Amino acid sequence: MTVGAPEPTAVIDEVEVLVVGAGPAGSSCAARLAEYGHDVLLVDQYPFPRHKPCGDGITDASVQALEKLGLCDLLADSIEIGGVRTFFGQKPKLRPLDRPARCIARAQLDQGILSVALERGARFAQLRIDGPLIEDGTVVGVSAAGTVAGNLLARCIVAADGATSRLRRGCGFLPPPPDRRAYAVRQYVCSERPLAPYFDLVPLLHRGSELLGYGWVFPLDDHTANVGIGYYRSRALPNPPSLNRVLNDFIDELTLRENARYGNLLRVGKPLGSPLAVDFKAAACQFQRVLFAGDAAQTTEPITGEGIGNALHGGALVAEVAHAALTGSHGPRWYESVALGRQLDRAFLRIGQDVDVFKRALARRLAAAGERPVMRRTDPRAEPFFSATAHVIAAPYELPALDRTPVHLLLEEEDPECAAALEALNTSALDELLTPFPFAPEALHSRLRMDPGPVAASLVLLAAREGGGAADRTAVTAALGVELLGMFPDFLRQTVDRPVGEGSKFNNIFAILIADYVVGRALRSGASAGAAIAGAIGATSCAMCEAEMIERVDRGVANRSPQRYLRAAELRDGALFELAAGIGTRLSACDPATSAALARYCRELGVAHRIATDVCVLFPADARGRETSERMLQEGCLTLATIEAFACESLAPEHLGNDPMALLSAIQSSAGIERALFECEARSQLAEEALGAAGLTGAFAALAELPAERIRAAIEALEDPSRASASSDRG
Amino acid sequence: MPAVEIEARSFEGLLSLYLTGELEESPDLAAACKHILQSGGKRLRPRFLEAASMAGAEPIAPAIGRAAVAVELFHCASLAHDDVIDDATFRRGKETVSVRRGAIAAALTGGWLFGRSAALVADCGEGAAVRFAEAATRVCDGQMLEVCDLFDPGRTEKRYFEAIGGKTATLFELSAALGAEAASATPATVELAAECGWSFGIAFQILDDISDLVENAAFTGKTAGKDLLQGVHTLPVIYGLEEAPELRDALAVGVSPDSLPIMLAGIRRTAGVARALHNARGYADLARSQASELPRGERLEELIDEALGAPLARLS
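If you're matching them up, the sequences are chains C and F in order. Numbering of the first sequence is given in the numbering used here, commencing with residue 1 and proceeding in unit increments. Numbering of the second sequence is given in the numbering used here, commencing with residue 1001 and proceeding in unit increments.
With the rest of the complex left out, here is chain F:
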């Protein structure tokens, strides 16, 4: 089987390969890592990396598998830290590490996974190491920006895009670039792949934010309105407030579980969700057209359709 055929199963094989021998002396950390790595993720980032690598001349280079593991570990590191930041109890229906083992254990698990991903990616070449480090700083800056805007009824569209560009789109951008670069794509192709990853990431996050606002727990495994409760004002809310400024004062005081239904209803009455959805569709189309310009971009197009098509259809 060529290394490029990293379908879900063989990726799992690679994942355990690159973790074998690690953490033998640290059973607690090993258990926490396992908990996060096996919590039923879709492995979207390694698959994105993998699909983008088709655009290069050598889509079977061994560095592709290593980079794919690295981006997934980086993603899982962010999940561990996100759960501490959001004080989340459940993720994909399972108890989070920070609830099961405490926030310090979750913080250290995230730290370890991040370190391991940085160590792995360093073997993928000078360019990969620099790209990865740049991405790490941008992911953190995006999250910091989101925290700075917590509970801000005046949060702007610009700041929202800056934040999600950092915290979400950067990792897809990185995945695409690492995949194309590891497969020896030309610099122009690597940049186009990176742009495609970024557009995809933006659409992905907007859809996730809309879903949090309009869908109930049965569908997503999350509670509707979680972002509002935590003071994160996402794109549909920002647009909604433009139409219904009277909601701003209520948001400034903070939304409680009691006032959440009223606030949700208020936002849903506006065209905020429709406008955000329109935006998401725009970025999804952009990602698809960027993928179609890539050499052998069909796999990437398929992946984009698979990941964004369903939520787009569901939320429309």
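So that you can see chain C by itself, here it is in the shape it has in the complex:
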């Protein structure tokens, strides 16, 4: 690069890829692009290492990204964080982290990632970039100002210049309106007492009332911590005039209230603040050849305010997108083939959501509460939807992979072609479920992996080949409709009968709207495969609602008859599976005898599946599973094994509702389980007979074995936890 004192308009360099900003997003993007062999110039306005307001505490998602970059030494030298301690209730609550987080000083972190980019061949220059260089309406480069002034030309520009991105403004994207802004400010402190290796999250008070945000203490070593506050502006709450004042008060208050924990806190250096980049818009991630990454693309998590994980992963994603487009056959207007906003939206479920309604509700609750603590654990009975979804709301990126469902694993062995079609279906399902409605994508994605949806979808694909055709696009679309329909009653059921308080009212709004969303999408997928298929989907959703109504009416009936249970199972999973077979055989113009046999097979298989799913709920594999079974018993939901246990053991009706855990273990060791297993096997047997009559084998036969296998695996896992398998924690 030419250094000297060129004219402000002189061209000082011309590169293939220019990355502006050497934070986590810019450097990880530059590292990946350089690895691919692109000519990359990375620029930053400051010399390195340099300090930054946010960060230090990094989540396990960031840890994984850093491991991928090969920064294992940096990770090894940092503090391992084993849990999150929250101070919102009467006493602190510790939530252990499944995979540890880390604390790394931001200056070292950024330096580390930058060094990886340089090792891989990117060049670095300290330059202050003022904005895009536009000629005849086309961006051709950027203009630099400051000690080195001039123009830089580039084929691709990655704008990773932070939350207050000058390139973003220069490309005509507006900053968020004042009442949608969020801020954070931090201060390094020395603590008198040794710090525990946890992320501490503390309510944030301003003049006695709680702000919409939280304060934190992140330990960098035994006695040094990053203490900070982050908050959202809200019209419903008094907004503090000065962030530094709030931080100061917060540290004083912390010293007083938590003196036994931290001792005195001595401030080191100056506080440093920044706006949070929580205003993601898919349409504002790209302007011609300028691709935005990290905070410049506003990808910070809009509830927690965590931005580094998305910046690291997002930077790498932008690199993949840019690499594919630059090396493709698109020519000078390569960027027209790029849809970066959509890709980021898909990669990070939360950022594209309209979560403001959630923040406003919280702010109103805070305003009404005065000084009473507001944050609390969700009560499963008052908010079944939020309770069942809480784990994915808290960690939207920990959704299990779609290809780990039992049926997918089975098909990989028995029928790889069908497994591949199922994967194609999963990809389109993820797109179909991308709605800005808050928490809906997480709720839908996590439900999608649970029975009976994946099995029903596989049945469509398998049946669609029986007439001789391949699992084509139409079959995949129709299968998606069936898979979505499988979730429909689950959400309807998550309403509360008599909502009390705003929490359960919101619960009902979310449960109903997400149910309507999913049935509408199911119908649309079906309709695109044909009106008859849409009609069958409509009729099946009627049957499923009838089944759920039986379940609702029978709730708490201790002497419920097994026939009522089996009838509901036929109407729900039986009807869904029969629908699947019907769609598949119709699409492949299967002969009537085979179609009829498959319909019978599917009906029986559906019932067997329902029995297995319900028995597995009685053998929970983890804490979340235990919550589910407890809730079921408390609500008085009697499934086949429980009904049989009541019928043949000395369990009295009053056990229902009282001490659910004791009841659960009584059921587990009762003869009810064997009877349920027997019924399940009998149904599978009937299913296999239907197959035999039509001369069908292969994956169909293997699927018929699956329900009983799941029950046996769940029982074994309880007896020997080390043998817990993926199949036991679903349902």
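A couple of the hints might just be wrong.
Part of the chain C face toward chain F, derived, beta carbon under 7 angstroms [unchecked claim]:
1) Glu135
2) Val139
3) Tyr183
4) Arg235
5) Pro241
6) Arg364
7) Arg365
8) Ala367
9) Thr495
10) Gly501
11) Asp516
12) Leu523
Computed spacing ranges between beta-carbons, pair by pair [claimed, not checked]:
13) C:Arg381 - F:Glu1162: 31 to 41 angstroms
14) C:Gly172 - F:Phe1090: 28 to 38 angstroms
15) F:Ser1256 - C:Arg257: 58 to 68 angstroms
16) F:Phe1090 - C:Asp354: 43 to 53 angstroms
17) C:Arg381 - F:Glu1246: 37 to 47 angstroms
18) C:Glu502 - F:Gly1013: 38 to 48 angstroms
19) F:Ser1256 - C:Gly263: 37 to 47 angstroms
20) C:Thr304 - F:Ser1289: 44 to 54 angstroms
21) F:Gly1013 - C:Asp354: 58 to 68 angstroms
22) F:Glu1157 - C:Glu413: 54 to 64 angstroms
23) C:Leu97 - F:Gly1021: 51 to 61 angstroms
Keep in mind the hints are simulated off the structure, nothing from the lab. Bear in mind that the values here come from a model prediction, so they are computed numbers and not experimental data. Virtual Cβ for every residue (Gly too), placed ideally from N, Cα, C.
Assemble chain F onto chain C, guided by the hints.
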């Protein structure tokens, strides 16, 4: 009697015809469905469908009656779900299903009615099935958008129109299109009928929203200001806030039954209601002129006048 003459009584006949034999094994669900279907609705959507079918070459096709039942069932399904969403106690002076039988029963009743309407419409042809499914997704998206904007003092006119376009106008648009299409109207006529349904739906919803703000319980069977209490900021409120921004902070905290009269008075002092009314009149005129361009559009014009004329006159 030609099938096209679906006046209120014969529509009821069709309605029970298409539900006969259903739900014989599910008395609870059957009772809940009956509760909703017979809660005194005006059957506006099937009548709209029916009137739009006049524009086609075959206004006596049997598919018209089936589609008319389907749109009414879809509408009733939305009502059942709306009552859960709004946590409503009364609808048209009667206890709602969600109060009488619980929210889960109401949710399932809505689910069943929707499924049944989808099954019925599938018999009306490929185009009808696709149209119906598209409409179902748009109705839900509109409602979701409204929920996203709850308690937002910065809700924009654009977002309001997007929401009501989805949740209300879509169903009238669908009704008109299904009616015209079932009667074998030309594609251009079907599209014009659909546009007329959409304009009508927008005017209808704006008037409903104004009525909630300015009329008392005696007239509408609803409590005035219900939307404000639930945090739904409708068009007159959005316009009112432009004039009286000082009301925004109070709205952000939420309106309580105690503060409602002050808030209502504050909004009524502005020209918000008059501006919203002006808008409603504009869409009503548009709907009427679109209807007049349709072949044999007189019935539709009459229906539009009947449904919108009275509230327009009352609220002006």
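- In rising order, the numbers of the hints this structure does not comply with: 1, 2, 3, 5, 7, 10, 14, 15, 16, 21
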